[in-house]
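> For reference, the chains in residue letters:
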Amino acid sequence: MKSLKNGILLMIACMGMQTAFAQMRSPLSVNVDYSIAQPLGSLKDYTDKTSFRGWTAGLQYHLNDRLSVGLRSGYQEFFQKLPRAVYHIDGGEISAVQTRTLQVVPILATVQYQLAKPDAAVIPYVGLAAGAASMEYNKFYGEFSDKYDKWQFMASPEIGINIPFGKGSPLLFNANVQYSYSPYKMQEITSYNVIQANVGLRLHIN
Amino acid sequence: MKRVMYLMSAMLGLAVSISSCSKDPLKNMTDEESRIYVTNRADSVDFTSYKTFSIADSVAVISNSGKDERALTDYDKKLIADVSAAMVAKGYTLVGKSAKPDLAVNLTRIDNTYSAIYYDPGYWSGIGGYYDPFYWGYPGYGYYWPSYYQVYQRERAVSIDLIDLKNPKNNELVAIWNAMLRGSGVWDIANVDSMVTAVFAQSAYLTTSK
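From first to last, the protein sequence lines are chains W and P.
The opening residue of the first sequence carries number 1 in full-length UniProt numbering; numbering runs sequentially from there.
The opening residue of the second sequence carries number 1 in full-length UniProt numbering; numbering runs sequentially from there.
Rather than coming from a laboratory, the hints here were simulated on the basis of the structure.
As the structure is a prediction and not an experimental result, all values here were calculated from the model.
We treat Cβ as the ideally placed atom computed from N, Cα and C, and that holds for glycine.
Careful, some of the hints might be misleading.
[Claimed, not checked] BS3-like, lysine-lysine: derived pairs with alpha carbons at most 25 Å apart: (1) K23/P <-> K81/W; (2) K150/W <-> K23/P; (3) K81/W <-> K27/P; (4) K185/W <-> K23/P; (5) K23/P <-> K44/W; (6) K49/W <-> K27/P; (7) K147/W <-> K166/P; (8) K51/P <-> K77/P; (9) K147/W <-> K77/P; (10) K210/P <-> K166/P; (11) K49/W <-> K51/P.
[Said to hold, decoys possible] Computed far set for chain W versus chain P, every beta-carbon distance over 12 Å: (12) P124; (13) Y125; (14) A132; (15) F144; (16) F153; (17) F165; (18) G168; (19) K185; (20) Q187.
[Said to hold, decoys possible] Derived CB-CB ranges, DEER-like: (21) G166/W <-> D31/P: 54 to 60 Å; (22) I89/W <-> D31/P: 21 to 27 Å; (23) I89/W <-> G185/P: 50 to 56 Å; (24) V88/P <-> K44/W: 41 to 47 Å; (25) L203/W <-> K23/P: 25 to 31 Å; (26) S134/W <-> V95/P: 18 to 24 Å; (27) I89/W <-> T73/P: 43 to 49 Å; (28) Y205/P <-> K44/W: 28 to 34 Å; (29) K23/P <-> V126/W: 29 to 35 Å; (30) Y179/W <-> T73/P: 54 to 60 Å; (31) V122/W <-> D31/P: 50 to 56 Å; (32) H88/W <-> S194/P: 19 to 25 Å; (33) D146/W <-> K78/P: 29 to 35 Å.
With the sequences and hints as input, model every part of the structure.
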């Protein structure tokens, strides 16, 4: 929550700094993207299925033609059901169908740098995000849940493109790839590594 | 600024509404998938040191509604028959309880459906009235539930217990193995075969041959 607060404060500070850039678009933009995420590393030991249940949304405040800062959140759910198997536990065994879920809600501060001028037909950019993520680990043995909630640091570099719907249009198509890392440890997971593809829209609003 | 705040609350609303449509693992789960079969054993026990067993002639039914009883429904008869057959298949010899069996098999159906009271080993002393150690020829004894008996649940369940009758300790009969059947349909007669097969299959150490 702290990072959310800091992000908001940062944004308010940026508003105060509003200077006379020759901008084509209003400085504040919002984006909403649909996300597909692929687990990597030890997260694959927990669930190796690609997640098609996710979205991400953010606010960016453009300090100038190139640089913007903002805030990003979202949701991603990893889900995998394993057929009945016998698991060895301390002093015994459990025969169960395991359903493994991990729900991730990050709240990250972002910095983006655009690699082309705002009047370009395609505006590539690179970005970096850091903050905290809520990790909800829930492993079901049959109908019985083994659940752990935790907040953990997360960092997420990003490359992407914005394609305006016409020159100077406040509406842009957005596509990006993010790699997210978190030193998250839970049972078989020793760290959280995910590559995520997002497509959506960005709208300059203010 | 007002607009930003408005936008942010809209985003938050969106976040909450979308995340609430996360996949519910309990939906689309069949009864078979919902069930778990847990076995616990005493690590220090050599299961090959036992040769004979006897099994209770009925199934204890304990519930939080206070109507504890011993029952012999068709389900109970099938459970007794299946567990006996599984023990015999593991190499143990079924004898009458008067023939000084090495092991006693207690069968219990637990119904905690209507309350959130945890059923833990401490509560098991309550079975004494149904499987009083007197039943096994040990008047005045109690049961000892070792720490590996980590049994907690709040729903219908079935418990199969192996009690060591050869080595009572401090006036207590020690439980050396437990199988706990949990989930939907554990009281359904159609599932007895597969459940009993599963718990004995996953306990490879439970055998008379080394």
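> Please go over all the hints and tell whether each is borne out by the structure.
Results for each hint:
no.	hint	verdict
1	K23/P <-> K81/W	holds (12 Å)
2	K150/W <-> K23/P	holds (20 Å)
3	K81/W <-> K27/P	holds (12 Å)
4	K185/W <-> K23/P	holds (23 Å)
5	K23/P <-> K44/W	holds (19 Å)
6	K49/W <-> K27/P	holds (19 Å)
7	K147/W <-> K166/P	violated (41 Å)
8	K51/P <-> K77/P	holds (23 Å)
9	K147/W <-> K77/P	violated (37 Å)
10	K210/P <-> K166/P	holds (19 Å)
11	K49/W <-> K51/P	violated (48 Å)
12	P124	holds (25 Å)
13	Y125	holds (21 Å)
14	A132	holds (15 Å)
15	F144	violated (6 Å)
16	F153	holds (20 Å)
17	F165	holds (20 Å)
18	G168	holds (21 Å)
19	K185	holds (23 Å)
20	Q187	holds (17 Å)
21	G166/W <-> D31/P: 54 to 60 Å	holds (57 Å)
22	I89/W <-> D31/P: 21 to 27 Å	holds (23 Å)
23	I89/W <-> G185/P: 50 to 56 Å	violated (23 Å)
24	V88/P <-> K44/W: 41 to 47 Å	holds (44 Å)
25	L203/W <-> K23/P: 25 to 31 Å	holds (29 Å)
26	S134/W <-> V95/P: 18 to 24 Å	violated (58 Å)
27	I89/W <-> T73/P: 43 to 49 Å	violated (31 Å)
28	Y205/P <-> K44/W: 28 to 34 Å	holds (32 Å)
29	K23/P <-> V126/W: 29 to 35 Å	holds (33 Å)
30	Y179/W <-> T73/P: 54 to 60 Å	holds (59 Å)
31	V122/W <-> D31/P: 50 to 56 Å	holds (54 Å)
32	H88/W <-> S194/P: 19 to 25 Å	holds (21 Å)
33	D146/W <-> K78/P: 29 to 35 Å	holds (31 Å)
In summary, the numbered hints that this structure violates are 7, 9, 11, 15, 23, 26 and 27.
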